[in-house]
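Novice: One-letter residues, chain by chain:
2 protein chains.
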Amino acid sequence: MKIIVSVSDMHKQADRLRREGKIIGFVPTMGYLHEGHLSLIREAKKHSDIIVMSIFVNPTQFGPGEDFKDYPRDFDRDAMLAESAGCDIIFHPNVQEIYPENHKTYVEVEQITKVLCGASRPTHFRGVTTIVAKLFNIIKPHVAVFGQKDAQQAIVIKRMVQDLNFDLKILVAPIMREPDGLAMSSRNIYLTPEQRKEAAILYQSLMQAKQMIEQGERNADQIKAQIRSMIEQQPDAKIDYIEIVDTTNLNPVQQLEGEVLIALAVKIGKPRLIDNVFVRI
Amino acid sequence: MKIIVSVSDMHKQADRLRREGKIIGFVPTMGYLHEGHLSLIREAKKHSDIIVMSIFVNPTQFGPGEDFKDYPRDFDRDAMLAESAGCDIIFHPNVQEIYPENHKTYVEVEQITKVLCGASRPTHFRGVTTIVAKLFNIIKPHVAVFGQKDAQQAIVIKRMVQDLNFDLKILVAPIMREPDGLAMSSRNIYLTPEQRKEAAILYQSLMQAKQMIEQGERNADQIKAQIRSMIEQQPDAKIDYIEIVDTTNLNPVQQLEGEVLIALAVKIGKPRLIDNVFVRI
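These protein sequence lines are chains A and B, in that order.
For what it's worth, my numbering labels the leading residue of the first sequence as 69, then goes sequentially.
For what it's worth, my numbering labels the leading residue of the second sequence as 69, then goes sequentially.
These are calculated hints, taken from the structure and not from any lab test.
Being a predicted model, the structure only gives us computed values, none of them experimental.
Treat the hints loosely; a few may be bogus.
Any copy, or any two copies together, can satisfy a pair, since identical chains are not distinguished.
[As the list claims (entries may be wrong)] BS3-like, lysine-lysine: derived pairs with alpha carbons at most 25 Å apart:
#1 90 / 172
#2 137 / 226
#3 172 / 237
#4 335 / 306
#5 226 / 237
#6 80 / 70
#7 292 / 114
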């Protein structure tokens, strides 16, 4: 496995691979890999000849007071895990390489970035779309794989790819979960053992919501109230949002029909955790 | 010469050319071609195997009340001129192909887009960077050629290319002028014969400024005052701005040193005309 740290080396490598007719699969990450990330590599491998994973904790997607500095990092462990999952190249630049002093350009998707996570993190998605656009230009993938855990991110990136006419395909891989249902996340490491137990309620409440819908419930308020009451029973849980939205424009729905996304963000102790489920009525 | 109207056809064509090892040179235009545009094709040919010219009047770079609807268009004449200058492919999409209904993504360069033309046209450069980023992704050029006439645009595009890590080279070709010095522009067609004569003052005033500098003048206010007084003698001239700025951050300079850009925008009757000159002290 190759490790590349400069944009110009990655440009050259990507160009060479494309001239050789190789299909480049790309998995963007902030590192501190878990089974979720590795599942993205395995998904990418189904569609590509060469897998490039980026490991870059992107400062522009963190807001003031968020955990950019504390975000867990362990490159050596990441490299070992990525290689064992079949990664061919890790792109691992430093912040100065990606955002030199004069950097002034941002990519912004309107409307769908202002709701859900975007409501409490107003500059988050601008940072995400900017870094992802940069990485697409650096790595020149044919296919890029994102995780369903960040459901809004995947929808925003798909919108950006279509709007900016990137010639690549976005794939979204299912959420990987711990045995008790907690969605895997690098931030789970922040949880105390007690909070770790509480955190399982997120998935349980989503499953409860799904069951209500299967039993005929169509009123979004009823379903959200049920999720809320389950989560509020956990002493360390602070709800950021619980929403049921249209899967394309992310507008809230009142009466469920077609495909909807049930999404939530809850602070449990230090970390803010997110989870979601798609339901087709 | 080939004419391509859909994004997906252009993607395929660009991919094929790149796999064959061809160097793609790109000249973005809004059509209604004049000698200035053709000089860009000739410049691109020095550096490329295949020349793609885009002809697209881009709605997002026009503000409310500007001349999007009236902007002169003559595709058949453009195609003939482009072919005679050595263009291989014209990319000529319609507005719906480039901005479908759900379009929500914009590329924005901060700071250097708020001054000069950006001061009186606040959404202009956002439209320019968005369409150019899209065209780069659609046409996949190795080299793109812009005109020095739109000096600020060239500086903004170079910034965007660097910031978003596009793997391509921007070339800037000199301003083409009419015999009396007027910078060629598709908008010159709006001038009445009387205004057409007045418009020559723009270049004359810039040459006068250059001469003052050659004779030792270093005070920006003195130079701008001289330009202003010459232009104000024309009955139909309404000055938008006359500025002397640093060529990288576009901040105004007081005492001239190093390389500066003297730039102006003046409404003469209907059209707003721009011109500029770089001076190295």
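Novice: Taking the hints in turn, state whether each one holds.
Specialist: Outcome of the hint check:
1. 90 / 172: Cα proximity of residue 90 and residue 172: none, with 33 Å in one copy and 32 Å across.
2. 137 / 226: Neither way: residue 137 and residue 226 sit 28 Å apart in one copy and 31 Å across, limit 25 Å.
3. 172 / 237: between (27 Å within a copy, 19 Å between copies)
4. 335 / 306: within (5 Å within a copy, 58 Å between copies)
5. 226 / 237: within (9 Å within a copy, 27 Å between copies)
6. 80 / 70: Within. Shortest intra-copy distance 14 Å satisfies the 25 Å Cα cut-off; inter-copy 29 Å does not.
7. 292 / 114: The answer is neither: 37 Å in one copy and 63 Å across copies each exceed 25 Å.
Violated hints, in rising order: 1, 2 and 7; the structure is consistent with all others.
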